[in-house]
Every structure is written in C-alpha cells, then in structure tokens.
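Residue numbers (our numbering), protein chains in the order written: chain A, 1 to 186; chain B, 187 to 608.
Hints are not guaranteed to be accurate.
As the list claims (entries may be wrong) - Okay, derived cross-link-like pairs now, DMTMM-like style, lysine to aspartate or glutamate, Cα gap no bigger than 20 Å in a straight line:
| no. | chain 1 | residue 1 | chain 2 | residue 2 |
| --- | --- | --- | --- | --- |
| 1 | A | Lys169 | B | Glu202 |
| 2 | B | Lys203 | A | Asp47 |
| 3 | B | Lys203 | A | Asp174 |
| 4 | A | Lys167 | B | Glu199 |
| 5 | A | Lys178 | B | Glu202 |
| 6 | B | Lys203 | A | Glu147 |
| 7 | A | Lys178 | B | Glu199 |
| 8 | A | Lys169 | B | Asp240 |
| 9 | B | Lys203 | A | Glu170 |
None of these hints come from the bench; they were simulated from the model.
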Amino acid sequence: MGVADPEVPETQNLVERIRRGERSAQVEFVNRYGRPVQAIATARTNDPEAARDICQDVLMAVLTAIQRDQVREPEKLGAFIQGTTRNLINNFLRTRERRREVDLESINVLGVDPQIELEAQDRERLLRSVLRMFSATDQAILLFYFEGHTFAEIAGKVGISHAAIRKRKERMMDQIRKIIGDSSQD
Amino acid sequence: MIDTNCHFPIQIELLEKYLLRRLDSSAEQALEVHILDCPRCARLLEDLLIIRVDLAERTEEIRAHSLAPVPIIERAKKLASNLNTNHLRSVHSVLAITRSILARAFSRVIRPEHATSHSRHLELESAYGDLIPVTSSASSLKPDIKPLSSSYYADALQRINSALFATRSVFARFPTGEIQAMFRSGRSPAHEAYRSVEAILRLHLLRAREGWLSEECASDFSRLGKRVWIVNAIDGMDEFATDRTEFCVSIGFVENGQPIAGGIYVPRTNQTIIGVIDAGVLNNGKIVEPSDKTTLVNALIPVRLDEATGRKWQDLPRLRQLNINPTRCPISYNLALVAIGSADATLSLSPLREWHVAAGAALVASARGFVTALGNARLSFNGVNTLISGLMASAPGLREPLLALMKDAQRSLVTDKKGGGS
Numbered sequence: 001m002g003v004a005d006p007e008v009p010e011t012q013n014l015v016e017r018i019r020r021g022e023r024s025a026q027v028e029f030v031n032r033y034g035r036p037v038q039a040i041a042t043a044r045t046n047d048p049e050a051a052r053d054i055c056q057d058v059l060m061a062v063l064t065a066i067q068r069d070q071v072r073e074p075e076k077l078g079a080f081i082q083g084t085t086r087n088l089i090n091n092f093l094r095t096r097e098r099r100r101e102v103d104l105e106s107i108n109v110l111g112v113d114p115q116i117e118l119e120a121q122d123r124e125r126l127l128r129s130v131l132r133m134f135s136a137t138d139q140a141i142l143l144f145y146f147e148g149h150t151f152a153e154i155a156g157k158v159g160i161s162h163a164a165i166r167k168r169k170e171r172m173m174d175q176i177r178k179i180i181g182d183s184s185q186d
Numbered sequence: 187m188i189d190t191n192c193h194f195p196i197q198i199e200l201l202e203k204y205l206l207r208r209l210d211s212s213a214e215q216a217l218e219v220h221i222l223d224c225p226r227c228a229r230l231l232e233d234l235l236i237i238r239v240d241l242a243e244r245t246e247e248i249r250a251h252s253l254a255p256v257p258i259i260e261r262a263k264k265l266a267s268n269l270n271t272n273h274l275r276s277v278h279s280v281l282a283i284t285r286s287i288l289a290r291a292f293s294r295v296i297r298p299e300h301a302t303s304h305s306r307h308l309e310l311e312s313a314y315g316d317l318i319p320v321t322s323s324a325s326s327l328k329p330d331i332k333p334l335s336s337s338y339y340a341d342a343l344q345r346i347n348s349a350l351f352a353t354r355s356v357f358a359r360f361p362t363g364e365i366q367a368m369f370r371s372g373r374s375p376a377h378e379a380y381r382s383v384e385a386i387l388r389l390h391l392l393r394a395r396e397g398w399l400s401e402e403c404a405s406d407f408s409r410l411g412k413r414v415w416i417v418n419a420i421d422g423m424d425e426f427a428t429d430r431t432e433f434c435v436s437i438g439f440v441e442n443g444q445p446i447a448g449g450i451y452v453p454r455t456n457q458t459i460i461g462v463i464d465a466g467v468l469n470n471g472k473i474v475e476p477s478d479k480t481t482l483v484n485a486l487i488p489v490r491l492d493e494a495t496g497r498k499w500q501d502l503p504r505l506r507q508l509n510i511n512p513t514r515c516p517i518s519y520n521l522a523l524v525a526i527g528s529a530d531a532t533l534s535l536s537p538l539r540e541w542h543v544a545a546g547a548a549l550v551a552s553a554r555g556f557v558t559a560l561g562n563a564r565l566s567f568n569g570v571n572t573l574i575s576g577l578m579a580s581a582p583g584l585r586e587p588l589l590a591l592m593k594d595a596q597r598s599l600v601t602d603k604k605g606g607g608s
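With the hints as extra help, turn the sequences into a complete structure.
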C-alpha cells in the first residue's frame, strides 16, 4: 500500500486554527474528515444510520479534544481521529446503543458542505446506473463477492471457472473506475 | 492532501479486503489512518460501500435473473431440436424426453437406501423437488435451486435453505480459534456475527405480510396474527463467544401458532437440517427419520448441561432413571437430533423463549415425532408472551412411555412435597 505521510504543516495549521476558535477551520475539518469517518463507520458496523451518529460523535470528540489541547501530536491528527473512531465503533458494537448527545449548535458546525453532499449524491446515482449496465451474471458475481463468498464458491454458484470469475470482477471494477473517473484525477 | 502513490489495483484490493474484514487488526488500523488522510482512498471506500448496498438491495432480482435454472421442459425442447428429426420435434416426443429426464433425475435424487415407501417418495419429491441433492455433503445444498413444487411450504423451505446457506459467509469471517483473539483486539465478534446473520436471515426469509420474532424484536407486536419467522441468529451465544462448536443458526416458520417448517445450521460442523411438516426432514441432503425406539430403557436423551445439573432435575428423582447425556448444545439442536434419529428424546424443565424452540419443534413435527409443552399442553407460538414453560420431545414410539414417566415423576414430586409438609 502506498501510504503517504500526512502533510504535516497543513494538519498542524488546521489544528492550530481550531484551537484558536476559527469557525472556518472547524468547517474545513468537518468537510475533510466527515465523509471518510462515516465511510469507515459504515464499513465496520454495516449500519449507515448508526454510522452517521458515530461520525457526529467522533467529529465532536476530536474538535473538543483539539480545543482542550489534548491532541499532543497535531501532525498525527489522522491517527488520533482513527483511534477515536475505532473506540466509538467498538463501544457501539459492544452496547449496540446509539448515543445522541449532539446539541443544536454542534449540528450547525458538523454539517458537511451541501456542495460536497450533492457531489456525493451524483456520484452515487452514477455508480448505481453503472452497476445496472453489467449483465445479470456479472452483477451476481459482484453480489456474491461482497457477500463474502470466495471466488471458488462463486464459481460453483454461477457455473463459471474460478479464474474467469476473478478476471470478470477485476474488469468490472476497472470499468467502474473508467466511467465514474478515477479520483486520483481530482 | 492526495496520496499520489495509491495505484488503483492495489488500492482497490486492499479496500475490498478491508470491507470484507479480511485484513488483520493492525493492517486495518493502518489502512483507516491512511483513508483519513487520503481523499482518493476515502472516496473509493465510499464507492465500494455504494456498490455493496446497491447489490444487497437488489439481491432477489439479481439472483432471479442470473441463477434461475433452465426449465426442464426447455432443456428437453433444446435436446429435441438438436436431434433434428421430425419425429422428435413433435410435442409427444418432447414430453417423452421430459418424462425420461424427470425419471432419471428422481432416480438419482431419491436413493434406494433411504427409501421407506413409494408414497413417502412422492411426498418428498413434491415438497422438496430439486432441494434434494444427489450428493450428501452440506456444501452441495445449493440455495438457488427452484423447487419443483409450487406449494407455499416448499417455498418457505427453499427460503430457509437459502438463508442458512448464506450465513456461511458470515461464519467464515469468524473462524474457530480466532474469536477470543478478536475480543482481545477490541472487536465484538459475537455482536458483529449476530447482527450480520440476522440481517442475512431477514433478507432471505421475510416477505410482505409476514412477521418476525427474534430476541431483538420480541416486543414488536405487528407480528401477531401473521405467519411468522421465529429465528435465533446465533443459538448458543456463549458457546460461540468462547470458541466452542455447540452453537447453531435456527429458523422456525409458524402458521396459526403451529410450527410448519424449520431449519438448523451448525457452522462448525457444516451440518444443515431442514424439514417441513407435510414431507419430512433432510440432514445434509439425506432423507432421515426419527428412531424407532419404543422404550426409554437405554434411550439416548441429550439434555442441556445447566438443566441436568439444575435443581429441578434433582427434585424429580424418577428422571434419574433416564439415560441422560448432558450437553452444551442448544435445545433447538437437541430437538433436531431427535428429528433425525440421532437421539431418542429430549427434555427441558426450565422456561424457554420461543426462538430457542421453534426451529427444533418444527423439525420434530416434520419428522412425525412427538413434541409438547410440559404437562402435555400443546405448544403454541407467536403469542404476546414468548415464554414456554418447558418441553419434551421424542421419537413417535416413545410418546406414551415419556408421558407416563413425566406424569409419574410429577406425581411423586407432589407426594414428596406433601410428605415433607406433614
């Protein structure tokens, strides 16, 4: 995995601005980390509604920690957010209770930029359309794959060889990338 | 901040493994930190989540279009046209070929060593159709086969089979020997598995105008008066959480308060037992019957360990005559053992919830066995109160001996109490 080090000055700068109480920095923080945190929470919990709650809680907890000067290594903000996210997800999985402690003011702060939300919705619509372009068998291959079946199991179900399944799946993912545009182009 | 080193194939492979929980804990954490710092990977993860959700929402549609077997009549027509003779193209010939294909299929499906009677065969063929596989291994139970029979119960049985098959993917994520390690790494495998299995069961079982009863939603009374699925996603949660093998997925289908069809899947031994009341029971694809024992002497009676060592059993000395086998298996599995003839009877003197019993009771009923609440009261499901005071079940031939023993045991208890009181 080509894991890049975070751009230290930028993160430090963001943390410093939040610490000083700059509202624009809070908005930038939410816009930048809101969706990734929610995606991680959705992947771990399989529960989009709970993931939204967890995301709100994580962002609030991290903002509060920054304001209280509890983030000792601002250059590792990503790791701090990840730790907080993991803890809250584990709490949720243990207790299966959703905390709803976000006050009205924080909702204003934690709302992701509507433009970003709109772009995400467009992307979702496009993705769903692209999926429907594949043949029923190809869709079944993807379905079984994301249900957690192995290639060998899928081969048994749809009557195509193991190698062909792998190739078709890779081809589909490649086509999806080409149609919706590789995000590295951003 | 974009990580320009993230090459698509490597990136997507990692994210897919992350989504399918196939990375170890440290790799997961490293990837999560990376996702938070890399908008490209974050967006790709969102895309994969959308793909997964979209496909899951359309599961039935996709399965129906991609996996429906070629109808047998179409196969026969195709064969006839390939032979290229006028005679074979005629309708009569097509039907003759169809008949021969059907006959060949059934001669393989119902094997002589499992035959009991001709009428029994017809009954089973009618209910199970293609569900009865040629081989006996559990892995050969394909969930996507369309049943030949159009009866409602056969459809329910097909759904049970599909649902149990689909849960395999969840348990593959929680292999034996790793549950404790998962707990130690801060995960909650028991809850994760329970939620995933219940979601899969809902997806495969529930249809419009049907109710749902499980431990999680016992107080949802919209189920009352409907046909209802009574499920226990992980029956034997303590055993699962402590890395033991004695747990199962259990599904019961109840109509008018009576169990109609049921199924049990034991992940660690890959055993699947399904049954429906108007046909019978299959154990890993084999037709099975309950034992033919008619006396309780040396009868095999599995009983939950906590029951066998509990006070209620000690209070009923007559029951000590029984050949009890204390086991950690859940009561639903003990009932299933009675249904398949691996045990002769089972008992529970402690109160149970409906989701602990429904699947097993359906299987015993499907095997023409005897199952009743304590005191020979009729078992009734899908009530407001989901508590069952206790139960007994046995092979058909043990009905009278068991009832007599229980009656005797209770009478002696009353006598002892009166004697103690005076």
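Results for each hint:
Taking the CA atoms of lysine 169 of chain A and glutamate 202 of chain B, the gap is near 12 Å; set against the 20 Å cutoff, the hint holds. Between the alpha carbons of lysine 203 of chain B and aspartate 47 of chain A the distance comes to roughly 18 Å, so the proposed pair stays at or under 20 Å and holds. For the suggested pair lysine 203 of chain B and aspartate 174 of chain A, the alpha carbons sit about 17 Å apart, so the restraint of at most 20 Å is met. Under the criterion of a C-alpha separation no larger than 20 Å, the hint pairing lysine 167 of chain A with glutamate 199 of chain B is consistent with the structure, at around 13 Å.
As the CA atoms of lysine 178 of chain A and glutamate 202 of chain B are separated by approximately 18 Å, the hinted pair is consistent with the 20 Å bound. Simply put, lysine 203 of chain B and glutamate 147 of chain A have alpha-carbon atoms about 12 Å apart, close enough for the 20 Å limit, and the pair holds. Distance hint between lysine 178 of chain A and glutamate 199 of chain B is fulfilled; the C-alpha atoms sit about 17 Å from each other, no more than 20 Å. Taking the CA atoms of lysine 169 of chain A and aspartate 240 of chain B, the gap is about 16 Å. The hint holds against a cut of 20 Å.
For the proposed pair lysine 203 of chain B and glutamate 170 of chain A, the alpha carbon gap of about 14 Å is at most 20 Å, so the pair holds.
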